[in-house]
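Chemist: In the order they appear, the protein sequences are chains E, A and P. Quick note: the first sequence uses this note's numbering, first residue 1082, plus one each step. Quick note: the second sequence uses this note's numbering, first residue 1005, plus one each step. Quick note: the third sequence uses this note's numbering, first residue 17, plus one each step.
I should point out that these hints are in silico values taken from the structure, not numbers from a laboratory. Keep in mind that a hint or two might mislead.
Partial selection, computed: residues in chain E whose CB lies under 7 Å from chain A [what the hints assert, rightly or not]:
(1) ALA1143
(2) LEU1424
(3) LEU1437
Just a few of them, taken from the derived set where beta-carbon distance is under 8 Å, the chain P residues facing chain A [what the hints assert, rightly or not]:
(4) THR102
(5) ARG103
(6) HIS114
(7) LEU118
(8) VAL119
(9) VAL120
(10) PRO121
(11) THR122
(12) GLU127
(13) LEU130
(14) LEU131
(15) SER132
(16) VAL517
Glycine included, each C-beta is placed from N, C-alpha and C at the ideal position.
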Amino acid sequence: MSVGAEPAGVGRVKGPPGDGPRLSVPAAWKRRVVEALTGASLWTRVVAVVLALIVAAPLILAAGSNPIEAYSAMVEGAFGSDQAIADVLNRADTFILLGLGIAISIRSGFFNVGAEGQLWLGALGASVVALYWSGPEPLVLIAALLVGFVFGALWSGLVALLKLSLGVDELISSLMLNYVAILLIGYLTFGPMKAYRAGQTERIEAELPLIFGDRLHAGILLSLVAVIVIWLLVARTRLGYEMRTLGSNPDAARYAGISAPSVIGRVSLLSGGLCGLAGANAILGAQHVLLSDFSPGWGYTAIAVALLGGLTAFGVLLAAVLFGALEIGATNMQFTAGVPASLSSLIEGLILVFFLLAIPLSLSGPRRWLRRRLRPRRAEG
Amino acid sequence: MSGILTEAFIVGLLAATIRAAAPLIFAALGEAFSQRSGVINVGLEGYLLIGAFCAYLGSYYMDHAWLGALMGLAGGGLIALVAAYVMISRRADQIVTGLAVWILSIGLVGLTYRIIFSEGNSLQPQRVAVDAFDAWAIPGLSSIPWIGEILFDQIALVYLAYLAVPVAWLILRSRQGLKVRAAGESPEALESAGGNVIRIRYACVVATGMLAGLGGAFLSIGQTDTFEEGLVGGRGFIALGIAIVGRRNPVGVLVAALVFAFADSLQLWLPTAGVDVPRQLLQALPYIVTIIALAGMFGRVRHPRAFLKPFVRQA
Amino acid sequence: MSSQSTSTAGTERSVSAVRLSGVSKRFGTVTANDGVDLELARGEVHAILGENGAGKSTLMNILHGSVSPDAGSIEIDGEPVPWPTTRQAIERGICMVHQHLLVVPTFTVAENVLLSVMWTEAGRRMSLQEAGRRVVEIGERQGLPLDPAAPIDDLSVGEKLRLEIVTSLLQGELCGGLRVLVLDEPTALLTRQEIERLFGIVRNLATAGTAVAIITHKLDEVMEVSDRVTVLRDGRRVSCLVTADTTPAELGRLMVGRETRPRLIEHARPDGPPVLDVSGLRVADGGRALIDEVSFEIRGGEILGVVGVAGSGQDVLAECVTGLRQPSDGTIVLNGQDVTGAGRRALIEATIAHVPEDRRVDGLVGPATLRHNFILGLHRRPAFQQRGWLRRGAIDAHATRLVGEFEIRTRGVDQSAQTLSGGNQQRVILGRELSKPAGLVVACGPTRGLDIVGTEYVRGRLVEQRDSGAAVLLVSLDLDELLALSDRMIVMHGGRVVGRVNAGEADAETLGLMMGGSAAHGWGGP
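Next comes chain E alone, as it looks inside the complex (with noise of 0.2 Å):
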């Protein structure tokens, strides 16, 4: 059940000949994910946000609750004071630094779904170094910063070492790596790293500066170079135009002479890296302490988050601001409205549901039925 990664230079089988049409699949089913969530339109996304809105309605009412109520009371909680537009932007940091690194492996043909154990094991990493070694600021958080890209992308490796040398699906085992690293995690916060309390560490010294009022933390300013520094790598470089190939059309990539072996190993470390990178920026900026708990789950939202992105870099920022939005809002909207805030989870599962319905949907179906209802009906032999 792999996706992209076929080993190269055996003979290729090629479907049989004939002469015309015959009962078959479509050969090109992989190159349509990609081809799909990259040229869906920002029209199929709004659009999908606003069903996820509406179908979300009723368990609202069901809450007790209107609507209207609800929803602007989430935007008043997102973007209503400055302390609300800097927890906004914080999560959002972390949503694009997975979302990038969720988003250059889906591109390359690659399912990396291993980002929640890439951003405990990149938190874990950064802490690890910021406890136990005491040296001026700057360069403790330059190497916990840098300690966290390296234990993701390492986690990460591990995966795609696994499917090239032992065939291993990357699927189940980056899934299954997840937990072996929330556990991981959990162990040591229960056991050598913990601290008075049992599930945590000693308070994390070192911190991102903080760069306007008192919450937006640096964090914000790390994300936006990935950004711009990934958008660069994508669209400029050679390896970026060997992914894009890969993922878009594995035969052409073939053609090419580019072998999928070596991109998918070198996106892989990076893609984990930019995940631990998430999780060492989520302790050093915001949580300041490694907690068992650390994570409810990011790095499987980020995954909606790069999807919805289109998986471009600036995709991933914006829907990473409007997930993060959407969290915010919905924590806040808890008190006020009476809803609870997991109401945000289950409209980013819509969102996502919608959109993956859209996409085939805005290529064939209404505008076909459309064509055939205005076109006057052609007298058949």
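Given the structure of chain E, go ahead and fit chains A and P onto it with the hints provided.
Modeler: Same frame as chain E, but now just chains A and P:
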């Protein structure tokens, strides 16, 4: 270490293994059929979660565990139907759809759970016990020393799961099984004989959902009597692994499920024997074992020829 | 020109089993069938003859219910009926043996048979054992022995064909008699003895009243076994003749077209060392040889055309030469260097320009821009990247220059390749490939799907390449094209080279015979 060789420990551990394998068997049996027909249910984790929650709700409102289990079955089937529509009729990518359905399930369950079970303004859900399944000792058989307690003193859902194995085996060998296998290996051949690939795949996916719903019911009202959001804990993904490692064969699935359930049960039972291994290491065992099992296949997994390929009827 | 006369054998001959009238079908912009009439009479063996793309399989798929036509009507036993679905067609005794043997490889014989009959009324309740029993029974009766428990993978091609026939016979038995049996290119992979046995069975079935339709492109088989033959070309019915009244030559002419295009170019016979020297090339897949004993050479300044019906091995040959497939045996020498099995990347760096067979699959990245596509395969060259960074200015200039030089109609180099017309897409590929200084040009089906203007353009560029000294390997299914452009030709059939001709020595008729494996130039020979 001395506690390991006592009867209490061994019987307890094995009984727990038999118990813990039940949801895995339910989920993986269905998935084996789905995959044979060419569809993967990455959202299996979501089917389990929805099944678990619906079962809990059902038992809560109707105060009867069996009715709850029925609700769980229905809930699992419904969410699988949604996934089936997106994957089969709309031909969206199966892996992405599965992830989307899973994320959706988490959100749906989380929200609904809080809406129903939070008191006043607290928005923290109360843990409410509901009517759950009690162990149902089979008269006579359960008195057999050792084996009786391990195999024949379980709840009804567990017996169902193990009964499902030979039933699945029979179905697979029957005409219906032939259709399923043809849909996954050579949908063109099936269609040229007059069959309907789409219908077969839908049936398999929905059946997977229903079985997973029962598996979810076990998790919420089978082994406990309360609901917890994280109760599925990756079992859906482990079940995907089990289906593959078990070569999509009921017997293979049974064996693989027992192995993972054993690893899972160890983490509950080893501490009671005085073995001092970090809890999390034991908890990580099932996941690590899954990876090792897959690695041990050295990529020799043979997928059905039409696996993951949306079927398009030429017209 | 259609002549119908009463046939000479059998008693139910004049009753028509199936009559198709005015059948038309388009797939997108491709017209597969255009107003085709076909009548299959009870008890006759009716050949449906045509080249690739003539529309034979589509027509039969329409009859069998797997494709629904845009226009046309059908009569069964003289009675007009609505177009049947596959299930309905089988219920009416219309059964088909497909070209690519639609069997499930992991099943046993009995399981396959059961799968094929379980959808009919009568077969609904059949058990696996029963199916096995019927297989043995029919097998004994018809001389088609099969072991019901044998896994399909163990069967030879001849045995798989036997299975499909037995399946159709059983379907016929369960549905009130086999009215029509369609065989789609059944002899493609059979030995001579197996073919004779097949024809024996076919004649028996016809004598018993079944209308047997055989889709083929092989002239000698038409002559050998059929009572009547319908010739299709470019989606239209060209003629329906009584086999006894015609000759292979006439059929060949009808099949490939009477018009001989005027020679476009002066043909060359250059001297000098060969640019490409292929010797004893063989590719084996499992037990079968896809190509075997293929040898030829091409010098600079000449075009070598590879003639053959689809599936004769030319694609495999092209893949080997361009590094996309590893040969099992033999050597490929390019400009004096042995590049056998060198791999794709090495051959890209060598002086090869490759116009791939399926431009949308291999040659272009559809959703990507023209800029992207113009450097596909070239993206590692120093001209286009520097230490990992793409040189956008150079890439842009390259793309713009090529758009102008190859007269590509586009909004700009930013346009995505898939929105271009087929002709323009092909120009993109040509532009990219021919702008490399290439000693060898490998062009596969370069004018497929193009209109007249596009076709002439592509051919002109290929000749230009030849005139400037390149060696050109032209693989094409378009016989006119090969005749017009090639300085020399090799004809492939069944994976081997069965004929070598120089320009001017052969015409459509002779080549048609060779392509059909006919005796004229070495049927079955090396």
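Chemist: Identify every previously stated hint that the structure contradicts and give their numbers, smallest first.
Modeler: The structure conflicts with hint 16 only, although it agrees with all the remaining ones.
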